[in-house]
Amino acid sequence: MEHYDGENDYMHQEDDWDRDLLLDPAWEKQQRKTFTAWCNSHLRKAGTQIENIEEDFRDGLKLMLLLEVISGERLAKPERGKMRVHKISNVNKALNFIASKGVKLVSIGAEEIVDGNAKMTLGMIWTIILRFAIQDISVEETSAKEGLLLWCQRKTAPYKNVNIQNFHISWKDGLGFCALIHRHRPELIDYGKLRKDDPMTNLNTAFDVAEKYLDIPKMLDAEDIISTLRPDEKAVMTYVSCYYHAFSGKQKAETAANRICKVLAVNQENEQLMEDYEKLASDLLEWIRRTIPWLENRLPENTMQAMQQKLEDFRDYRRLHKPPKVQEKCQLEINFNTLQTKLRLSNRPAFMPSEGKMVSDINNAWGSLEGAEKGYEEWLLNEIRRLERLDHLAEKFRQKAAIHEAWTEGKEDLLQKQDYETASLSEIKALLKKHEAFESDLAAHQDRVEQIAAIAQELNELDYYDSPSVNARCQRICDQWDALGGMTVKRTEALQRTEKLLETIDQLYLEFAKRAAPFNNWMEGAMEDLQDTFIVHTIEEIQGLSTAHEQFKATLPEADKERLAILGIHNEIAKIVQTYHVNMAGTNPYTTINPQEINAKWDKVRQLVPQRDQALIEEHARQQNNERLRRQFATQANVIGPWIQTKMEEIGRISIEMHGTLEDQLTHLRQYEKSIVNYKPKIDQLEGDHQLIQEALIFDNKHTNYTMEHIRVGWEQLLTTIARTINEIENQILTRDAKGISQEQLNEFRASFNHFDRDHSGTLGAEEFKACLISLGFDIANDAQKRTGIMDAEDFKTCLISMGYNLGENEFSRIMSTVDPNRMGIVTFQAFIDFMSRETADTDTADQVMASFKVLAGDKNYILADELRRELPPDQAEYCIARMAPYTGPDGVPGALDYMSFSTALYGESDL
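Heads up, the sequence shown is in this note's numbering, so the first residue is 1 and it goes up one at a time.
In short, the hints are calculated from the structure, not lab data.
Simulated DEER-style distance windows between Cβ atoms:
id	residue 1	residue 2	range
1	T707	E271	42 to 48 Å
2	R74	G116	25 to 31 Å
3	T142	I169	17 to 23 Å
4	A265	W366	30 to 36 Å
In silico DSBU-like cross-links for lysine-lysine, where the CA-CA straight-line distance does not exceed 35 Å:
id	residue 1	residue 2
5	K396	K604
6	K310	K279
7	K193	K33
8	K29	K212
9	K322	K374
10	K325	K702
11	K860	K145
12	K62	K860
13	K400	K553
14	K325	K647
15	K514	K561
Note that the coordinates shown come from a computational prediction; the quantities given were computed from them, not determined experimentally.
Even for Gly, the Cβ is constructed at its ideal location relative to N, Cα and C.
Whenever a hint applies, use it, and build me the whole structure from the sequences.
Dropping the structure here:
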């Protein structure tokens with residue numbers, strides 16, 4: 001028989017277990033009942049129990065089972081034989097296991113247990129209780145019995161009628177048990193109704209409530225405690241330890257539940273952010289998809305009004321529709337960066353948007369939108385210029401065609417008359433001279449016909465929408481002109497044949513006709529020029545027209561002299577007719593022009609001159625107003641443009657300088673952003689001036705190099721840059737607070753980053769990033785090297801490599817894949833801060849969450865839905881139940897859930 005001698009290392013006050021105490025029948029009775037109930041509370045978990053404590057442990061089987069249940073470990077395989085030697089072997093295995101836990105048994109051998117020695121059996125059970133139920137109790141710096149006593153005193157301190165000083169007489173009135181229950185579960189006991197002079201009611205109340213609601217079996221009898229002068233200390237201590245474990249386990253479960261709630265809350269928040277990003281990205285991409293075809297539509301309209309409406313629609317798009325989308329795009333990038341930062345800080349995998357919804361995809365789509373938009377406004381303005389030119393040419397064509405058609409009206413009938421056949425000699429001569437005058441007039445109109453044809457050709461070349469009708473009218477004019485030419489030739493031949501038979505024609509009539517015809521043509525040309533419409537875009541052009549008009553006015557006195565001379569010829573004819581009583585028909589046989597017509601046309605010319613003066617004056621005033629609009633726009637644009645550039649440069653400097661804490665920098669940036677936003681009214685004022693310029697159809701401005709589009713793009717870039725800079729500082733604050741990085745560390749990181757950012761671009765290239773890591777003390781030369789604090793020859797060689805000589809590419813490639821997942825070859829400051837924070841801080845891990853679930857599951861490898869609903873808030877409990885896979889282990893039960901794979905999936909190590 002083996003005996004285990006020596007002192008107990010963990011509870012020296014219980015070293016000498018006094019067997020004589022067991023001679024007291026009352027104490028032995030209490031210990032039997034208490035120890036039996038304590039053993040059964042654990043054996044029930046294995047589906048068995050004991051009835052007689054000294055008999056049921058004799059074969060060692062239930063003793064080994066008890067140890068396996070309370071320790072959670074497997075003992076050696078028991079002997080199944082019925083012989084004494086088999087029973088001793090089983091008991092020795094149990095005693096050896098107890099000894100392996102640091103317990104030195106005193107005079108307890110396997111033979112005594114097999115023989116059913118009640119005192120030894122009770123002593124062994126008490127030793128097990130001490131080791132597995134009481135030893136691990138720790139309150140402040142006390143443990144075991146003293147720790148349990150201190151715990152009881154602390155928990156019952158608020159109760160004035162309770163004074164716990166030991167584990168025997170302090171519990172006789174039952175108020176100590178009730179106080180412990182009421183302190184932790186006040187809803188179970190109405191403590192105010194308990195009386196110190198009614199110990200029986202107090203004890204039974206505590207025992208019944210503990211058994212019904214706390215799963216603590218009745219280990220003591222109220223009658224035994226009351227009737228015994230000094231209750232058994234071990235029995236009371238065993239029972240009280242069950243209270244400790246029941247309530248302390250509840251606290252551990254609450255702590256574990258809080259940890260799980262925290263992790264699940266972070267996960268749910270991140271999922272909501274992902275859903276928000278997906279929706280915002282989808283909406284923005286859909287808007288871009290709808291807008292690009294509209295911008296790519298280059299089908300021109302036929303009228304100025306329709307094209308100006310297109311220009312107005314485009315202006316609404318740039319001022320009303322696009323700016324909110326620019327803000328949405330910027331906010332989308334900010335949300336994406338913030339989400340990625342939160343995922344990194346919570347040790348979650350990076351967020352990968354749906355296919356086609358990456359930030360790069362959105363940037364590509366936005367680039368396509370900008371490409372379609374580029375040149376659209378210029379195309380609209382060119383089309384408006386073209387339509388304006390077409391309208392001018394069409395009106396000019398109609399005026400010239402109308403004048404020509406009016407002139408040719410009746411000419412065909414005149415040329416086809418055969419009046420020369422019955423005419424006298426004088427009449428024939430008159431007809432011949434008249435026809436010569438007509439030929440002169442016909443030649444003078446040749447230039448107008450050519451102008452009409454040229455205008456029609458230009459309208460065709462400019463793709464005038466009503467070209468068919470123009471061509472038809474031009475063709476009729478040309479056909480008629482050809483017919484007139486042919487008829488003129490025929491009449492000339494007929495008159496020349498008759499001329500030999502006729503006498504001379506009156507020279508005065510002839511002279512009148514010859515001088516009146518060109519003067520008449522001059523007046524018609526002058527009237528045509530004075531009524532001709534004009535279009536100019538600059539003061540210089542209108543000044544040229546005014547100069548030409550003044551030159552024309554200077555010729556009027558000479559023209560008036562010619563008119564008076566022509567009228568003098570007619571007066572001379574009338575005088576001769578009157579003097580010599582010539583038989584005349586009263587009209588000039590050589591021309592259809594008469595003095596009344598000449599005077600009427602001359603009066604018309606004199607009437608049109610002041611009208612032309614007024615038109616030129618009004619156009620000159622309009623061009624002066626346009627010049628004022630140009631200068632007004634240029635004055636503001638030449639201030640706003642450099643201001644935007646200066647602000648962009650200042651933001652660039654702020655983003656790389658380190659003045660004050662991150663909060664100071666953030667406050668400064670937000671004040672800076674506010675000052676920029678306050679500048680918006682000046683942009684709006686410039687927009688108003690630009691609209692006035694466009695409405696005035698001003699197409700160029702020599703006073704400034706800035707266009708409204710330059711100002712718009714610069715303003716949008718300025719707003720985007722300040723928003724991104726503020727977001728970068730906010731993410732640095734998130735990183736600092738989450739990782740516990742000091743301000744000095746952040747300043748050191750920023751100084752190193754700025755030092756190697758040679759071109760001040762805000763990013764580092766691969767080689768710059770490598771040099772920056774080395775400057776901060778990172779050894780990335782050898783993939784397999786461990787930081788042991790000493791260097792052998794190979795370590796020293798590796799150190800030299802880390803100083804810049806042939807760095808290890810594998811380790812550096814691993815680091816680069818972390819800070820530059822998109823393989824763009826650059827490292828942003830935010831990615832640099834994230835990497836440094838991961839190297840200097842710790843976060844929750846999947847193992848910690850898994851351990852928390854194990855606590856809630858009662859050390860099982862699976863957890864039940866009821867356990868989750870009991871320990872977690874309803875929404876997070878249902879979240880877990882919906883996502884946990886069924887547990888498939890051999891120890892599973894119906895409805896068991898696999899919390900291990902769920903915990904791993906939370907950190908991206910498997911799929912939910």
